[in-house]
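Engineer: Going down the list, the protein sequences come from chains L and H.
Per this note's numbering, the first sequence starts with residue 1, numbered consecutively.
Per this note's numbering, the second sequence starts with residue 150, numbered consecutively.
To give a feel for the contact side, a few chain L residues facing chain H, derived at Cβ under 7 Å:
1) Gly31
2) Leu79
3) Ile100
Simulated coverage check for chain L against chain H, where a stretch passes if three residues somewhere in it have a Cβ under 8 Å from a Cβ of chain H:
4) 17-24
5) 43-49
6) 67-76
7) 84-92
Since the hints were made in silico from the structure, they are not lab data.
All C-beta atoms in this analysis are idealised placements derived from N, C-alpha and C, irrespective of residue type, glycine included.
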Amino acid sequence: MPKTILTIPTMPEWMNGILLWLGIGFLLIMGALCLLLLVKMWKNEINLSTLLEGENGNASIARFQLLVFSLVVAVGIFLYILEYKNLPDIPPSVLTLLGISASTYATGKGIQFSRPEGLMQKGTIPPPVVPPGAEPQPPVIAPPQPPEN
Amino acid sequence: MFVAWLLRVEFGVLLLLFVASLARQLWQRFAAQKRGYLAGSVEGWLLLVVVVVTAGRYGIELARVAGQGAMPGVSTSLLMMFGVGCAIYLGAKAVRVIRTQS
Chain L
1 MPKTILTIPT MPEWMNGILL WLGIGFLLIM GALCLLLLVK MWKNEINLST LLEGENGNAS
61 IARFQLLVFS LVVAVGIFLY ILEYKNLPDI PPSVLTLLGI SASTYATGKG IQFSRPEGLM
121 QKGTIPPPVV PPGAEPQPPV IAPPQPPEN
Chain H
150 MFVAWLLRVE FGVLLLLFVA SLARQLWQRF AAQKRGYLAG SVEGWLLLVV VVVTAGRYGI
210 ELARVAGQGA MPGVSTSLLM MFGVGCAIYL GAKAVRVIRT QS
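Take these sequences, add in the hints, and give me the full structure.
Structural biologist: If you want it as structure tokens, here you go:
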């Protein structure tokens, strides 16, 4: 039986030049799109300022920790991709860390939603418990308190 | 080679600008709020400290092993500390809710 020899065709030289310019063009277009988004963020046309606020208007540590760990791991993956041009093997401990972080956020949200006071804006009094059949009352705005000395 | 350099510089700069823009928006929001915006509970401040320590140490580890061919893992002690911090935070929050309802 005769041996078959596989030959891999090599890419012509002129295609290297085309690929180079395609790569540069793609990067410039993507960079311009990202820059457009950043300009909109700078002008507050894209507003992410309430990213860390809970439903009651206060800063939420559960949201903050989820944001911090997502950003740290995303930066790590980003740096790896820049260095090696492929996706990294993410260690199980990092996945565990992200799991604990997301679970804490979700559980905290569940606890907060389990009572009406957790959803009220600052300065509002929760409505009284309504008996079945009666019409619910809207929440009452608390009167301003005199300044403390 | 030039494309790889462009990729690194361009998206590195864009990432830094994104983080700066986000921080600016969050700071503007914080400055516009009244007193009490950050007034949190003891367990909230405890979780904040744990998060800063965990994220800081992992960030340092990321920077230290950059270029060695693998993403670093999180040490077991750090993971345990973060898990215990989260458990204390959630437990205290749940107890407060139960006491408020009763």
